[in-house]
Amino acid sequence: MKRSTLVAAAVLFLLAGYAYWLEHDGGRDEGRETVFDVEMDAIARVEITRDGEDGVVIEREEGTWRVVSPIDAAADASEVELVLENLATMELERAIPIEAGTDRGAFGIETPRLEVRFFTADGAEHGLRFGKDTLTPANQYVERIDDATVLVVASVLSNNLAKTAWDLRDKAIFNLRENVPAKHISVRRPDDRLVLEHEGEHWIVTTPPRARANRFDVTGFVSRFRRAEMVDIAAETAEDLSEYGLASPRLILRIELDEGEPIVLEVGNKNVLDYFARTPSRPQVFLLEAGLVELLEQDARELWSTMLFDAAAYEVTQFQINARRVEQAITDAGDVWREAGTELDKKTVAELLSKITAIEATAIRPEALPFEPITTITLWTETAEEEIKVGKENDDTVIAQRRGDAVTLVLDLETWRAIEALLKLEPL
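For the sequence shown, the working numbering assigns the number 1 to the initial residue and increments by one for each residue that follows.
Hints were generated in silico from the structure; no laboratory data involved.
Using N, Cα and C, we set each Cβ at its ideal position, and we do this for glycine too.
Hints are supplied without guarantee of correctness; some may be wrong.
Stated by the list, open to error - Think about it this way: if two alpha-carbon atoms lie no more than 25 Å apart in a straight line, the pair counts; the simulated DMTMM-like pairs of lysine to aspartate or glutamate are:
#1 K355 with E294
#2 K183 with E294
#3 K424 with E315
As the list claims (entries may be wrong) - Using C-beta positions, here's what the derived DEER-type ranges look like:
#4 R282 with S354: 18 to 28 Å
#5 D332 with E393: 43 to 53 Å
#6 V156 with K270: 33 to 43 Å
#7 G404 with E39: 56 to 66 Å
#8 G200 with E294: 25 to 35 Å
#9 E294 with E61: 32 to 42 Å
#10 P190 with T348: 51 to 61 Å
#11 P283 with R227: 18 to 28 Å
#12 R227 with W166: 17 to 27 Å
#13 D54 with E197: 43 to 53 Å
#14 K347 with E393: 25 to 35 Å
#15 S223 with S281: 14 to 24 Å
#16 E61 with E243: 28 to 38 Å
Assemble the whole structure, with the sequences as input and the hints as a guide.
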């Protein structure tokens, strides 16, 4: 190896060692301290500038945060909280002693990647300029705007603070309370209309033919739209909606709630992967994820419930099989099941209810087929009553109909035979 190469390597090694000493020993404080002595709740304004570009500004207005530049929009509370928490709790890893004449450009602070300034309610200004990573990339050089000392902090902090206006704006399409129940859902589509009604304790698909809906699917449907977020903004305001297919929307969703304004969503043309959409309550045209549009386009039959009953076994307080009525009673010895005063085997009743409430149709026919019922089962809970009639289409096919449905359920023959054996309910 050439002598010049050895010398260069030695110099590099010494420089690296010196930098390591500066980071790990020089200027080390015995106790860890925060970069700023400030509480989260005291911060009233934050300005974020990335790579010298136009900054993003958020302000607290009467307890609520807004993005005020480069747009005016409500802020995402969780994103703002992350920024505030990082500013208030940022820990100083160490301070670097800088000798006179040292080239500060080596720390990358003269042309910072990121500058964050914030103002407290009393008008005080604080801030940081973020420079290069240290030799160990887990840390980064910074300096306070009012102090020329070079500091070292965890580099993850700049990632948490380098927010864009899109990062910080509230992307929720609807501002709704999660606990307000829905009572009516309609989707106007090019060729038909999907309609669901909440009747008593059940969701019903009223789009012909009428059928009980899977309550978990409907609850999930409503929840997805309650929590729906914009994928991106296509236009903050749009005078001509026709270019987005929204002058005459292809799909219109309306969810009526027990309280407050309904959820209304209009969907227009497709834009590569997503869809242009809007809601009458806001001026923006935004992009809606394709998965939500697929929910609006699904066949009504996909929402039909294959379960004979909505009730869970533990919810049943009484039931009737043809003319035999069985009621639950509370005694000093615990819960018992009685038929006309005669106590029934508790284990057999529990097994019967477990099987009845778990049975699913293997198919659903979109019509109410006429048949002679051989068994009628009614279940009661504290809040609902459900009834099914079971019969045979032929020797190999068992069919059933729920009260109020205009469809026919096809049951597995062996599963029904196992339930029939339990229907005898012999007394103790």
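Okay, the hints, checked on the actual structure:
no., hint, result
1, K355 with E294, "violated, 34 Å"
2, K183 with E294, "holds, 22 Å"
3, K424 with E315, "holds, 22 Å"
4, R282 with S354: 18 to 28 Å, "violated, 48 Å"
5, D332 with E393: 43 to 53 Å, "holds, 48 Å"
6, V156 with K270: 33 to 43 Å, "holds, 38 Å"
7, G404 with E39: 56 to 66 Å, "holds, 59 Å"
8, G200 with E294: 25 to 35 Å, "holds, 29 Å"
9, E294 with E61: 32 to 42 Å, "holds, 38 Å"
10, P190 with T348: 51 to 61 Å, "holds, 53 Å"
11, P283 with R227: 18 to 28 Å, "holds, 22 Å"
12, R227 with W166: 17 to 27 Å, "holds, 18 Å"
13, D54 with E197: 43 to 53 Å, "holds, 50 Å"
14, K347 with E393: 25 to 35 Å, "holds, 33 Å"
15, S223 with S281: 14 to 24 Å, "holds, 19 Å"
16, E61 with E243: 28 to 38 Å, "holds, 34 Å"
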